[in-house]
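Chains as they are written, first to last, in this note's numbering: chain E, 314 to 441; chain R, -9 to 141.
Everything labelled a hint here was simulated from the structure, so no lab data went into it.
Any given hint could be a false lead.
To be verified - To be clear about the criterion: a stretch of chain R counts as covered by chain E if any three or more of its residues have a C-beta under 8 Å from a C-beta of chain E, and this derived list gives those stretches: (1) 54 to 63; (2) 114 to 123.
What the hints assert, rightly or not - Ranges between beta-carbon positions, derived for each pair: (3) E/Arg434 with R/Glu56: 16 to 22 Å; (4) E/Asn358 with R/Leu42: 21 to 27 Å; (5) R/Ser31 with E/Lys426: 35 to 41 Å.
As the list claims (entries may be wrong) - Short, incomplete list of chain E residues facing chain R, as computed with Cβ under 7 Å: (6) Thr326; (7) Arg382; (8) Ala431; (9) Arg434; (10) Phe435.
Beta carbons are placed, not taken as given, at the ideal position from N, Cα and C, and that holds for glycine.
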Amino acid sequence: VADGKITVRVGPTYQRDHDRLSPDDETQKAIDATILDIIAALSENPNNPDKTRAGKPFARDKHQTWKRRISMPGSNMGKRGALRLAYWWRRTEREIVLLYLYYKRDKADLLQKEIDDAKKRFTRTPTT
Amino acid sequence: MNETQNLDFAGKVGGARALIEAVPAKKGPASVFSFSLVLTSQLRAVRDVGKLVSRDMNAILDLSDESQTDDLLYRTLTSVTWIVDSMTFILDEGTKMAAAERIPASDWPPGLITEIRELVEEFEDIQEALGLGLSDEFKKQVELAKADALR
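Same shape as in the complex, but just chain R (with noise of 0.2 Å):
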């Protein structure tokens, strides 16, 4: 990966997040807080860097096996779990701060929410191929299941 889109990649995520923990949780009334194009724009830029991001990621599960190292698999599983752990948080976080008020509505636009959240699974599944694959018991299990399967 590469890892100046992922510091930028990190700093993004690491913006939306600081804006989002910056509104107290508090009991009482809810109170709107103007982050007018603040947060939208950041999450547009975790929308857009996060897509750089993802096919660079799917390109290492591109490479020959020889080309893919213990190093090289560990740290992207390294990076996409810090991934979908951070999205997932500000994804869950701001749409209960959107329902409850707490942001505009204008500033937690569904179209966009949805596409980070697709953007997620994406990361997730990334995730998942390359966990499972450097799993030596899945793969026993898989070479099991193959030979059942020809048998």
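One chain only, chain E, in its complex shape (with noise of 0.2 Å):
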């Protein structure tokens, strides 16, 4: 897939989520809408694109690696709540590479540990 500037290239990983979620039609034309959100985003600004549309920057990867969810539509949205993919940004050879295809609760054991990591620095209890 390319708009004639950015490329984009599906990993193994992205891959493997995509056929284990086998989305139906409406949610294909979902990701697929997302996908073409994300090219517009970083061709327009490429550096410092509109998070609207390009997602979020993962803390502390240089900018690199993104995230955006997935506007699912409401029938679709069920119990698990919005699809997320993962992106990296090769900004210098202007090619995105689909990394994830995941729901919040996949990651929810790994953000739950830093959550607790930081409820244990920030959170003291009360000295009388």
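With the hints as a guide, bring the two chains together.
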């Protein structure tokens, strides 16, 4: 897939996630629309793209790896919530590498561990 | 994040939360409590200040790796988690109460509630970008995925 300027490469890990989830037509359309949004945002501003369309960079990763929530049609949200797409923005090569397609709960353990660490660091028992 | 804004936001959320908690859950016929305008104005303030706070938190994600210190990232993760948990509680409880007609429909306007729900999703996105970015395990997974993609 390419828009003439930015190339999109499908990584094996993304392909594995995609095969596992086997999205229906409606979901696939939402995924495709999201990827087009990302391409448009990165084309317009490769160094500081519009985050509504490009998503958010993961912290402390030199703004290379990003995640974007996929806006799903209401009927497809289900109990698992919105899908996420993680991608690698290779700025110099002008290439987007799709890395993961996942639901928030798929990474919930990793996220919760960091939240617990954060709370331990900054939530103190009041002293009397 | 701007400390004053954070405290102001905490106050607004606390205010709305306190209003909701002030209405005791009870069985029997639904009764209407008159918070006319008070709850709505608090919710508007939550939305407005919440937007400012999310903008500040997004700015943290824009900083260079060197500026994203452990202290800053973990503090922000603590704050955003508190915001997500508090706002989710308020929205869920308020929606239940509005459905049971325990608060007037005019004090739980669907448009404003949708805006606040979208704001919570925005905070959840920030929470995830911070939390997974801090995770050594996630970083390892990403590096392997990148290497696989280039093979």
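Hints, verified against the model:
no. : hint                              : in the structure
1   : 54 to 63                          : holds (count 3)
2   : 114 to 123                        : holds (count 10)
3   : E/Arg434 with R/Glu56: 16 to 22 Å : holds, 20 Å
4   : E/Asn358 with R/Leu42: 21 to 27 Å : holds, 23 Å
5   : R/Ser31 with E/Lys426: 35 to 41 Å : holds, 39 Å
6   : Thr326                            : holds, 4 Å
7   : Arg382                            : holds, 6 Å
8   : Ala431                            : holds, 4 Å
9   : Arg434                            : holds, 5 Å
10  : Phe435                            : holds, 5 Å
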